[in-house]
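There are 4 protein chains.
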Amino acid sequence: MSHNTFGHLFRVTTWGESHGPAIGCVVDGCPPGVRLDAEQVQAFLDLRKPGTSRFVTQRREPDQVKILSGVFQDDRTEATYGGQVTTGTPICLMIENVDQRSKDYSEIRDRYRPGHADYTYDEKYGVRDYRGGGRSSARETASRVAAGAVARAVLGDEIKIRAALVQIGDQTIDREKWDWDETEKNPFWCPDAEAAKDWEVYLDDIRKSGSSVGAVIEVVAENVPVGWGAPIYGKLDSDLAMAMMSINAVKGVEIGAGFASAALTGEANADEMRAGNDAPRFLSNNNGGVLGGLSTGQPLVTRFAVKPTSSILTPRQSVTAQGDEVDVRTKGRHDPCVGIRAAPVAEAMMACVLADHKLRHRGQTGS
Amino acid sequence: MSHNTFGHLFRVTTWGESHGPAIGCVVDGCPPGVRLDAEQVQAFLDLRKPGTSRFVTQRREPDQVKILSGVFQDDRTEATYGGQVTTGTPICLMIENVDQRSKDYSEIRDRYRPGHADYTYDEKYGVRDYRGGGRSSARETASRVAAGAVARAVLGDEIKIRAALVQIGDQTIDREKWDWDETEKNPFWCPDAEAAKDWEVYLDDIRKSGSSVGAVIEVVAENVPVGWGAPIYGKLDSDLAMAMMSINAVKGVEIGAGFASAALTGEANADEMRAGNDAPRFLSNNNGGVLGGLSTGQPLVTRFAVKPTSSILTPRQSVTAQGDEVDVRTKGRHDPCVGIRAAPVAEAMMACVLADHKLRHRGQTGS
Amino acid sequence: MSHNTFGHLFRVTTWGESHGPAIGCVVDGCPPGVRLDAEQVQAFLDLRKPGTSRFVTQRREPDQVKILSGVFQDDRTEATYGGQVTTGTPICLMIENVDQRSKDYSEIRDRYRPGHADYTYDEKYGVRDYRGGGRSSARETASRVAAGAVARAVLGDEIKIRAALVQIGDQTIDREKWDWDETEKNPFWCPDAEAAKDWEVYLDDIRKSGSSVGAVIEVVAENVPVGWGAPIYGKLDSDLAMAMMSINAVKGVEIGAGFASAALTGEANADEMRAGNDAPRFLSNNNGGVLGGLSTGQPLVTRFAVKPTSSILTPRQSVTAQGDEVDVRTKGRHDPCVGIRAAPVAEAMMACVLADHKLRHRGQTGS
Amino acid sequence: MSHNTFGHLFRVTTWGESHGPAIGCVVDGCPPGVRLDAEQVQAFLDLRKPGTSRFVTQRREPDQVKILSGVFQDDRTEATYGGQVTTGTPICLMIENVDQRSKDYSEIRDRYRPGHADYTYDEKYGVRDYRGGGRSSARETASRVAAGAVARAVLGDEIKIRAALVQIGDQTIDREKWDWDETEKNPFWCPDAEAAKDWEVYLDDIRKSGSSVGAVIEVVAENVPVGWGAPIYGKLDSDLAMAMMSINAVKGVEIGAGFASAALTGEANADEMRAGNDAPRFLSNNNGGVLGGLSTGQPLVTRFAVKPTSSILTPRQSVTAQGDEVDVRTKGRHDPCVGIRAAPVAEAMMACVLADHKLRHRGQTGS
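Residue numbers (the numbering used here), protein chains in the order written: chain A, 1 to 367; chain B, 368 to 734; chain C, 735 to 1101; chain D, 1102 to 1468.
It should be emphasised that the hints constitute simulated quantities derived from the structure, not laboratory data. From a predicted model like this one, the values you see are computed outputs, not experimental measurements. Worth double-checking, as some hints may not be accurate.
Okay, derived cross-link-like pairs now, EDC-like style, lysine to aspartate or glutamate, Cα gap no bigger than 20 Å in a straight line [as the list claims (entries may be wrong)]:
#  : chain 1 : residue 1 : chain 2 : residue 2
1  : C       : Lys800    : B       : Glu463
2  : A       : Lys331    : B       : Glu634
3  : B       : Lys544    : B       : Glu525
4  : A       : Lys208    : B       : Glu634
5  : A       : Lys185    : A       : Asp204
6  : C       : Lys1065   : C       : Glu918
7  : B       : Lys698    : A       : Glu267
8  : C       : Lys1065   : D       : Glu1373
9  : B       : Lys698    : B       : Asp477
10 : C       : Lys783    : C       : Glu918
11 : D       : Lys1309   : C       : Glu1001
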């Protein structure tokens, strides 16, 4: 049952609420002998950490991860692997919540914030930890990033996974100017240096007015071997769609040419092949690296849309848990574009899906 | 493991190849006492059946379904339920393949058709039933439609699930002219009568030239109760994304405002609420009926893009299994737009996802 | 969800009722390139077939299996594998029910047979196909035997799986006289030729009096590699316990020394080891080939108890579905010892568990 | 995949090694609104705690549990439920390891202790946290007991689950003298006061000689409603068999009359029924409360055998990881009979299986 778990052989179960004592995850199915220490995981968490620029939430969380189980180091592993490694047992990663500002939450306790899960959670569960969104908070994604660090260790260095924002609000990048290195140089994960500059001005306006906008993020995995995935209901692309859509505020996912492919002709859409050295060479990648649910060896390309942050300064009409009409307005720290922080989360989800399929591929084939 | 199974409590496992003796599915988890007979299932299969218009494949398959298990009728059930009902045991549905034209498949045996799963299947499995696409054929979707009929019986009449094509190639409908009744009056499941007429001309041209185009399909479920779904990894929208993306040739999925929401401001995107009679009333539905992965009670709206049929008359460059360069060109019967036949399949997938979550909802809540 | 499915990577879903049109199973996860044809499966079904001796049910079922999907043969597979092979897609096996004697079942419709699932099914489901036990009939085990044949093909010839009856009623074998070849020479799967002769007389008495007795069956798998299994909840022994206990009428399962180990001292129970050629050599096998849930390389030994057939001639007190008190007595064909037919079923279950763990082992280790 | 997870709707994932920083579990699927605080869980942990008598391991662990997620208390829950309750989100329970005596483990690092998982883990994983048994240590069962406390809260007070030791070594109880209250008055969970006195002498001898013996534990659940369970592969009894067999050192499991039923006749074994007030009344319970995999409403009775502790003072022959022959002998604190501490663990497993089936029952039936 996939309530709080995703993956099959590389399984990630996350737990924790925004304002509880801690959040974390259990990664089950990680093979033994994979080099893993807290620093490795921390590096990825630091990329997602709140409070790193004025464009993301100002909550101050050090997000220090602890590995509670599943790894071991002694003379023997030192000699064989060069350090601490996984043992094949479940890896529990914990991040303590520190900045649980003791503020008064009584206002949002009973007021359903439009665009949030307040109303639906209350209707489903009858009880809800409303502090900071509780379980539905984007804070849960820190656990995903931690799990993603383990997934990357399983995948190895050759498989390269990177995310970039290709649109913020109505501002898009110029794909001709794509430079992956740029994504690390601006606070927007933007691969187009010029666009990034414009976005800074654009988003400052949004931020100051207490408004928000959405975004489109592209995630690419390179050097994925041919044949990962599983027809019919374990397709690599349907697993990716599920994974990306499970990220907070995501409203759409596409692979390769995506929605644009609807308007193409069969001639234009066909990814033609020519003989290559070890494998056929594709002349285009409209299929985004997947055919029949299996990887083609081309870059795996997915893109997803994040809606604008629902927490805004302008009052919006709503109702209370008691059914009274109210206006709701969000004060205090917030993200003008939650899509920005979705980039490292999306990389982590891509890594987890691929790690799972790497392991599944072995069980499906060979003898 | 989700290779050939989807759903958790309402589980569907499909089996069968395009040119094997039969295809079908096992539906496990259907509650007892649900009225179900072969006619009910057949009605939905007839909607999907090939050969019904010149715009879909001319393969002649009667697609007669047989229920091999899981139902029972005797005096007692007759008296209690009025006819044949499910017993809570697995329901095996079988459709025999009839039109397995004994044609020569040697040409596609070794030639990788661009846009098809030929190359990836061969790489993964080393062996492949290439006749008509084998397991990767859209013929598998008949099993989904059969399972969907069972799902609808579980959901009952109140939940209404309908699909419509909103785009074919570069032709879109006028949403102002939306009339659900029209979808049954033209071969395109088009809700806009005028657009349907234009599409007939447009698609005839495509068909005659041996080309193909893609499509965008919208699926809507009405009267879904509040609270179905499951955070964090069993979200109703991520399950729908997975389900739709698993349909052959689908390259993108969106919920509610979807990709368009990226360009919206938080103010415009907020679905405001006012007090209603039994439940809050939403003033818009940008969220497409889902908040935090749970249904809001509003119409559940998903949209997905289908790429153009890969089988076209114009030769495309490719390679053989032996690595030689060849040109590939598809002769014979084919669909100018496979998206048309995706409509009933999408309805079935929506029904299956909802039936699963209906059952899951019980296990998650109440006592 | 494990209602009608067992296994994780080698997954078997069975379907069908005793008196429906057919029974069968879908085997999902079988790797590609495994030689498989109907004759192979049929050979195992013939061993389980009813009506082969006077000690088992006289129902006449040819039990002819058809492979509906998942296999392929052409020149290419012929050349590579020598015949028809699996393709990695789901294998649907179907056995049509033939001898559905049109007898009057009205008597058992409302009378709860002691020891049967009549009462519990009615309470749970409210509706039940009571003809011949419906889904709870031992007829379902034919599907398991069919699936077991596929599992054996996955395991290969080196792993040898055999079952033997070591007790019928209060009659036990002399383990000193154990000869596997004998199990094929008497109708009891008895490895002790002398005991088999005694059992014939003993069981004839039981049969003639319309009574029944239970049995204990031992299943042994040889040449299982070291390390198959999965701590903590996928232990090889707990999976075997689950598998054997799921067979109709089974009331107990043990591994190695089993219940007898409770009375042993630590000194007597220890399976000491000495250096061997390729692997350590064990001096005893009280652990039955499993340590910490993982195979040791020694023979995997499990034993299970089957209760006496519940259908007997002597009237037993019971109640009707309406709550009236009645006497129930079973007329017609029946097994004096259902344990006899459990032997091939147990072999099949052992094969399925091992095939699953063979595939799981790959996903758990290596890189 | 069931490596470190058990249950389907009430899912328990345990993590942690004997000598890592902490052990614990994530309970997913617990319904909302169930009263749960740390004291409740602690009470069950205290019953299992090491060091409580001279007959169990002298490791000193306070075993203080922390609830890291999944519960909430505020004015609103206080008013509605009277205190802290579950929210329907995953419950992470953590127990820090305190007494990780910094002893020298180099001796067992390379020496395979007979009866332990040392050899098989090394063969499977190639790397192993050998300190105190690592993941294969019985310490993992503390996590099960913690999860069991949550399961009991889900089940409510009416369902009564109790365990008793009915055999230690070759000493059995007199079932005529069964008194559940006695199980709390002696260190053996023995329901026969006289036997308990004898066992004290008997086990002191075993303990002083550095030897060990096995045990048989009986677990009974009363007031389980009719119809819980799921044919064919989710049977209540096969799930119990799996659960009990997964406990360290267990070698056999039986239900109701168990292995003894093999020797019974059908007449003697039949649990006859008479009309009762609300439900039929059974005249015996050879079936142990399960028919066809579904609960009958009678007490659910299971029994399992635990092998003698493998850690003993007398040297046993073995080999090293390098293949050299050695003698192995366990010094220091140990259990003369690990079966004693299995009693609360078995209760917890019974509770978890029942909580899972309580939730599953809802999804399977009704509408």
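Which earlier hints can't be squared with this structure? 3 and 6
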